[in-house]
Amino acid sequence: MNANGNLMKRRVLNDQPWDAALKSGRAAAEPNLRINMSAAVCVFILTLSTLNGVVSGVLRSPTNVQVTSRDLNLILSWDPPAEAPSGLIYTTEFKNSIGIHKPGCVNITTFQCELSNFGISLYGTYSGKVRALLGEETSAWVESKNITLDTETLISPPSVSLLSIGQTLEISIKEPEFYISSLRNVYSKVSYNITYWKDDQEMMQEKTLSNIVQDRVILDELDPLTKYCVQVRIITLRNKNPSEPSGVLCERTGDTDNSPMVAAVIVCVVIAVAVVMTVLAVVKWKSISHFLWPKVSLPRHFEKSLLDTPESSVCLITQPTEEIAPVSVVTVEEGSPERTKESSYNKQLNGTVGDSCLPGD
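For reference, each letter of the sequence shown is one residue, going 1 to 361 in our numbering.
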């Protein structure tokens, strides 16, 4: 036992220098190992940034690329890449169901493109794609999912108006306008779901009229002097999405249900009065015309004076008078006084020349 114990002690003493050497070697190699690990981490980070960043003319691609449609338009939209540099522009293309690619918006700075402006079909299936450009650098194309216009387009809510007629409500519905064609041309079967309820009810009890085809609907059997609210949706068989609901409209009903009858009676009375007045005007037209435009006769003495023949001629045209300067002629005769001859001759010459209107001429 003593021999074995001494042998073990010698082995332990002999192993101590080896353990010390091993520990000192590890301590010396530990700084180098740390340096190598740091270098490896740096290389990994640089590699990752190289794959995601701009290296050798490759830009980050746009994200969240999708095509949407409302009322048969077609819009391609996207989000810019993360940390996008300034001056980035985009170019788009779209593809139909046959697989033919067509150019869309080119070199734009916005994040959507109206593909409806490039000629699309009502019943076509389309997808779009977009890429980013910065100088001579371009990103990879990013493509959207397909969309079929007539079966997936979102239909806008209809326009609704309410009119209270007695204890009834008349609903008028106007369909939304489509970008191309119209609702009735695209969908052969269109109906409305009309939901209405009392406005003051604590627990809303809705009533729905389904598959209504007419665009004017009368809600009857309503309570008088009660406020009702109405909402309308458009339903098509081929489109899997119903339209967005219209805005809620509320209107109060009247007191009684006699308003339509009263209006009809008033209209009938007005028409009857108009017919009677027209008949009387035609029958009594002669008397009415004499009353409105009576004949006026002249007094008898005026008629007699106008019909009698005048006793003297009437000078219708009077010629202008012509003045003559007085001329004195002096003659001397034997046995006659000069003054007497001169004055008599002056009387003859001093006068006017012209036409005169004399009776009997």
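The set of hints was computed from the structure by calculation and includes no laboratory data.
Be careful, since some hints might not be right.
[As the list claims (entries may be wrong)] No farther apart than 30 Å at their CA atoms in a straight line, the calculated lysine-lysine pairs in the DSBU-like style are these:
1) 174 - 189
2) 102 - 145
3) 227 - 198
4) 286 - 240
5) 145 - 95
6) 189 - 240
7) 95 - 240
8) 174 - 207
9) 240 - 102
10) 174 - 102
11) 207 - 227
12) 189 - 145
13) 240 - 145
14) 304 - 284
15) 174 - 227
16) 174 - 198
Tested hints:
1. 174 - 189: Answer holds: residue 174 to residue 189 is near 16 Å, not above 30 Å.
2. 102 - 145: holds (16 Å)
3. 227 - 198: holds (6 Å)
4. 286 - 240: violated (73 Å)
5. 145 - 95: Between residue 145 and residue 95 the Cα gap is close to 11 Å, so the pair holds against 30 Å.
6. 189 - 240: holds (13 Å)
7. 95 - 240: holds (23 Å)
8. 174 - 207: holds (21 Å)
9. 240 - 102: Since the Cα atoms of residue 240 and residue 102 sit roughly 28 Å apart, the hinted pair holds (cutoff 30 Å).
10. 174 - 102: At roughly 36 Å apart (the allowed maximum being 30 Å), residue 102 and residue 174 break the hint.
11. 207 - 227: Answer holds: residue 207 to residue 227 is near 15 Å, not above 30 Å.
12. 189 - 145: holds (28 Å)
13. 240 - 145: Holds, at roughly 17 Å.
14. 304 - 284: violated (36 Å)
15. 174 - 227: holds (23 Å)
16. 174 - 198: With Cα atoms ~23 Å apart, residue 174 and residue 198 stay inside 30 Å; holds.
In summary, the numbered hints that this structure violates are 4, 10 and 14.
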